[in-house]
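Asks: In the order they appear, the protein sequences are chains A and B. Here the first sequence is numbered in my numbering, starting from 1 and rising by one per residue. Here the second sequence is numbered in my numbering, starting from 1 and rising by one per residue.
Among these hints, one or two may not hold up.
Pairs involving identical chains hold if they fit within one copy or between any two copies, as the list cannot separate such chains.
As the list claims (entries may be wrong) - When the alpha-carbon atoms are kept at most 20 Å apart in a straight line, the in silico EDC-like pairs for lysine to aspartate or glutamate are as follows:
#1 K538 - D502
#2 K29 - E268
#3 K214 - E59
#4 K214 - E288
#5 K29 - E393
#6 K29 - E235
#7 K29 - D349
#8 K538 - E339
#9 K538 - E597
#10 K538 - D526
No wet-lab data here; the hints were simulated from the structure.
Protein chains: 2
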Amino acid sequence: MSLPIDPTLRPFFDPTGIAVIGASTAPTKLGFGVARNLAQSGYPGAIHFVNPRGGRLLERPIYPTIADVPDPVDLAVIIVPAPQVAETLAAVGRRGIRAAIIASGGFRETGPAGAALEQECLRVAREHAIRLIGPNCVGLINTHRPLDTTFLPPPGPTPGDVAFLSHSGAICAAVIDWARGQGFGLSHLISLGNQIDVRETDTLAAVAADPHTKVITLYLEGIDDGRRFVRTAREVTRHKPVIALKVGRYSSGRRAVASHTGALAGAESAFNAAFRRAGVIRANTVEELFDWAKALAWCPLPAGPEVAVLTNAGGPGVTAADALESHGLRLAALRPETEAALRAALPPDASVRNPVDMLAAATAGQYVESLRILLDDPGVHSVMVILPPPPMESAGGVARALIPNIFAANKPVVIALMGERMIQEAVEYFRAAHVPEYRFPERAASALAVLTERAERMRADAGDIVRPPLTDTRPDEARAALDAYRAAAGDAADFLPYEVVDSLLAAYGIPTPRVALATTADEAVDLAWQLGFPVALKVASPDIVHKTEAGGVLLNLVEPDAVEQGFAAILSNARAAAPAARVDGVYVQRMITFGQEVIVGAVQDPQFGPVVMFGSGGVEVEGLRDVEFCLAPVSEGEAAGLLASTWAGRRLAGFRNLPPADRAAILGIIRRLGQLAADFPELSEIELNPVRVLPEGQGAYAVDARARLGDDR
Amino acid sequence: MSLPIDPTLRPFFDPTGIAVIGASTAPTKLGFGVARNLAQSGYPGAIHFVNPRGGRLLERPIYPTIADVPDPVDLAVIIVPAPQVAETLAAVGRRGIRAAIIASGGFRETGPAGAALEQECLRVAREHAIRLIGPNCVGLINTHRPLDTTFLPPPGPTPGDVAFLSHSGAICAAVIDWARGQGFGLSHLISLGNQIDVRETDTLAAVAADPHTKVITLYLEGIDDGRRFVRTAREVTRHKPVIALKVGRYSSGRRAVASHTGALAGAESAFNAAFRRAGVIRANTVEELFDWAKALAWCPLPAGPEVAVLTNAGGPGVTAADALESHGLRLAALRPETEAALRAALPPDASVRNPVDMLAAATAGQYVESLRILLDDPGVHSVMVILPPPPMESAGGVARALIPNIFAANKPVVIALMGERMIQEAVEYFRAAHVPEYRFPERAASALAVLTERAERMRADAGDIVRPPLTDTRPDEARAALDAYRAAAGDAADFLPYEVVDSLLAAYGIPTPRVALATTADEAVDLAWQLGFPVALKVASPDIVHKTEAGGVLLNLVEPDAVEQGFAAILSNARAAAPAARVDGVYVQRMITFGQEVIVGAVQDPQFGPVVMFGSGGVEVEGLRDVEFCLAPVSEGEAAGLLASTWAGRRLAGFRNLPPADRAAILGIIRRLGQLAADFPELSEIELNPVRVLPEGQGAYAVDARARLGDDR
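Just chain A, same shape as in the assembly (with noise of 0.2 Å):
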């Protein structure tokens, strides 16, 4: 893997000696719980407890200071009172310790006196170069080296392949729990608390490079620096699947905002956008989190979407028809061939196509022969099989039958087991084997849609993240334009006039219908003629925002007359719905009177900066909500995905009597607003709405078009 791994988090992953501050002898006191653990969880390093009370600890020494423990140590597990840990991390930092986990609560969580002990940590860290997990965290679980440095009640996660990376520290407990009855194991399990100093993207980094990891689970609450999060995740995707479920997703606050753009890119969209640009994989369940995890664990990626089903009862294979087909996957056409060879192996009232019905008599070896049929079909990319409780064999005894078969098999092959109690033999088998099991058909087709997404993103994600460049944009031009506006304007936020945005939009090759300010009737009759009709005409105002209800627009004027008529009653209309407006005249412009209407819009995004939207444009944007985010800078194939996940970009396809539309010029405008808005952090919003994509080889044209500075340029 590419990524550069931090040398000074070494400590957290590979220690040579830990020591636990604040072990306790009482075994109520979670001092005593890390002791505890720690020992017990067969760590081959040097452990060392501390404690000014002294005496003996589960057979080991116990230190009054950390200055008196003996070497090696590089490692502190710090559990005293909150008020105690500064003090104490100038002491581990002067026995010249490098990293700590921070158990203690007390801090941020509590209030304004905890956040200003936080501070002081982070503080005295810095100054002894300290990297810190914590505090208010619960620790971290290597079940590989072993090392256990959690207070978490035993037993803790047997050894697996599956990494848990959580802000909750809460759920760690449970999510160790779960893991065990759910039979499988975890790799590393780290509780990231209060995040002052390593976050979450440091330790996915470092994750990522351990070998016994083959799938990384994320539980997140937020993202401090999302761009760097999606640059390491992206990296790591390309190497291990990563699975997120992010929580919070409702408690977002909304910010004040002034464009459809603004009103539909909730932080949600962000972080979906980001996650797809990341490759990371959202879940919305800890079930899910799970199910998914162990599937991408334990099979071989499909080559495809297309699945057999294979099944002993007629129900089951229509709800794992169901299921599949919700998600995006498909039944697979079997080849006559396989059909035969089902027909000769099955009774003759069996169903030989898929899904494969065997019947309820079906046997273990039944079973087996019919799912190496399967296997064989190049038109099979994976198979799901179903195993109700069966009336003849016992559901353990097909289980051990399939076993060596799917091990066998370079297709990913799950279970939906039906039942519970009388299919928990074969629970066993599964789960001992690392073959995925889930109950019902519906869980195991949202398993086998995930490996398939991953498969499909694997194949896909060969380029960089920005493929082609944009060589033609002219950034220092639009910097130009803008700064000679705040340069006249002062620093008001506000909406920036057309010609500015206009320049903005030029600079980065968007085109616009031709337009021009006139200041009176004549001179807008004269600009009329010049551009061609039929034109538009707008009010001119930096205070007018929404210049259609403002009577601020009048359209589709043929001829000079309507012109100058038109001129007078915008501005009688603009000074009767906003009397303290200023006005400085009427914008003329060419209109574009054909073309499919869509909007591409740009925000800055809290947490991911820049995000572009695309979508079915007009006045009804928010109403329809056919729109869709994506990280800016945008890629060529991310703009495509733009326009396939929304009606308003497949409509461009062609759709009834409107043909192709210029789908490459459209494609061209998104990549440069995003270019814009990458390039320009202190515009808040951009919105293009609407832009008309002319028909195939006719270009497309921004008819109107809006930008904001944002309050903190």
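Chain A is already provided as a structure; the job is to place chain B on it using the hints.
Replies: Leaving out everything else, chain B in the frame of chain A:
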């Protein structure tokens, strides 16, 4: 309950004596399984075994024929090879038995020969007035009678309050085992098999009358008589909740359709509309089916959607909040008194705002006291208690302390247990006490959502199906117009000419813009003057369905010359596009050029009859899919529901510069079209697209309409 119970079904539910025909002494035979289960079920009535071989079985004699069986006997369970079943049925009839369960397979499910055997069975049953369950079914279980006629391997279900009716036999064994494993009992289990006589609707009504049954769950593969099902289920759901899992979602064949409505109205839309009308809750997985069933069986209904979450950790509280909001529930805003009481009961660092976080060290006493305080808040309608493996107390201890308080509450309380083995003791306590517990907060949230949905339905469901009735439709007039056309046009399945459609709409009080047929250009100009400019011209041809694509439509003609030239252009376009089409002339129509565009359509669903669609109109209906469906006829409330569940409908309340539209007018059109579709099942598709809804008080007009006669008229 006001449902009449069919007395001929009584022997299935309360037999006085049962004969097992095909009872076998060989333990591998299904005929042994049936005998064993019945004998061991504790059935208190008479049990008789029949087999020509005679002998004894399970301490009872085996009679050679059914004729030999002594009284009492009023139910036969037949488990003999398929070819002998009809003959056996005849003997059953001659013995005076009027109810039989055919467990044998080998009928329709195996092909045409089996289907013929099935028909013969039905014929014999009718001749002898025998009611039949099956064939190809597992049989039935009634845990309270008790009674078990199945051959499924023991143990059977524990007695409980959830009934399970299934089209799939295979799922039955899995469900019994799953239910045992999940710790809840069943009242009835009925496997319906091929349903040649008794169907899901019959058993639904019968089971609903059982006092032991609190919730009815259905596993459906299809419904024969959709309207009868809806009528019955609607009556049942007034008293007891019904949850259905409908499989075969994606397997329904596509019919040939010629309208947007037809294209969008798949079987799934009709099922959803039917379940909504009937008050049946639709589950997507077996897990949901029973997750929800236990909440409905064991909890009181909440008075509203405001939920309090009680947890001892922040992360799971956030997850719960996410899950609740994604299900349309809300975090209750706690009263100041509530927060003060919590503040007094909990440590200072605890969070007393909802979600209430008691912190990791929360005791059983704090769980109990906090729950009591939350339940006392009148703004809290239900509570989710989250229980990770607590570091201090055992989860089992917390469970034991909570249970009496949950029992005493008149609000629903559901438990989210996090983990697996460490919470097992708590799981057992909650199950034994009939307190719904779920793994992780997401599933608990979905259960609360279903309780809330059920409560809302119970509050809303006061009136009759169609209220108020439409009193001013003129079906006779519509019938006359349709008959006249059919007499003239013959029997070819066809689109109706515009005049006929217009007559139908007029007879049902659906307003259309005034229109007339012109056969010459001069006539067109005269008509335009009469109707008022602007006008639209449309080709009049029964053979040209997509008029716009054929160049057969001109809009917005504002003066006579344009009408004259337009007439010629349309005829020439039509000739070019469809040389073979019959062209009757050109319609001249006054244009309604303003108002919001919507679509209202209706199709005849093969299972549920007339179904109405409402949503976003225009040409992009299918791309946008902003549509919703309702069974026809449509009540005032249901029509309002169609508006509420689509963007097209919500927009009618006013949007940006659009004034509020005439809701009453569009509600009227939806209801009138529904009545038309219900009164004329021979109209396979009717579509008003667009309907223009003018501002309040100004009406709504079907600007274009098409209707088609079905093949089955």
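Asks: Run every hint past the structure and note whether it holds.
Replies: Hint check:
Taking CA atoms no more than 20 Å apart as the test, K538 paired with D502 passes inside one copy only; the shortest distance there is 14 Å, against 42 Å between copies. Taking identical chains as interchangeable, the C-alpha atoms of K29 and E268 are never at most 20 Å apart, the minima being 40 Å within one chain and 58 Å between chains. Proximity of K214 to E59 under the C-alpha cut-off of 20 Å is found in neither arrangement, the shortest distances being 36 Å within a copy and 60 Å between copies. Taking the shortest Cα distances, K214 and E288 sit within 20 Å of each other inside one copy (17 Å), while across copies they are farther apart (31 Å).
Taking the shortest Cα distances, K29 and E393 sit within 20 Å of each other only across copies (14 Å), while inside one copy they are farther apart (52 Å). Taking identical chains as interchangeable, the C-alpha atoms of K29 and E235 are never at most 20 Å apart, the minima being 41 Å within one chain and 60 Å between chains. Taking the shortest alpha-carbon separations for K29 and D349, only the inter-copy value of 19 Å comes in at or below 20 Å, while the best intra-copy value is 66 Å. Taking the closest pair of Cα atoms, K538 and E339 never come within 20 Å of each other, the shortest separation being 68 Å inside a single copy and 54 Å across copies.
In the homo-oligomer, the alpha carbons of K538 and E597 lie at most 20 Å apart inside one protomer (19 Å), although the nearest pairing across protomers, at 26 Å, exceeds that limit. Taking the closest pair of Cα atoms, K538 and D526 come within 20 Å of each other only inside a single copy of the chain (16 Å); across copies the shortest separation is 39 Å, beyond that limit.
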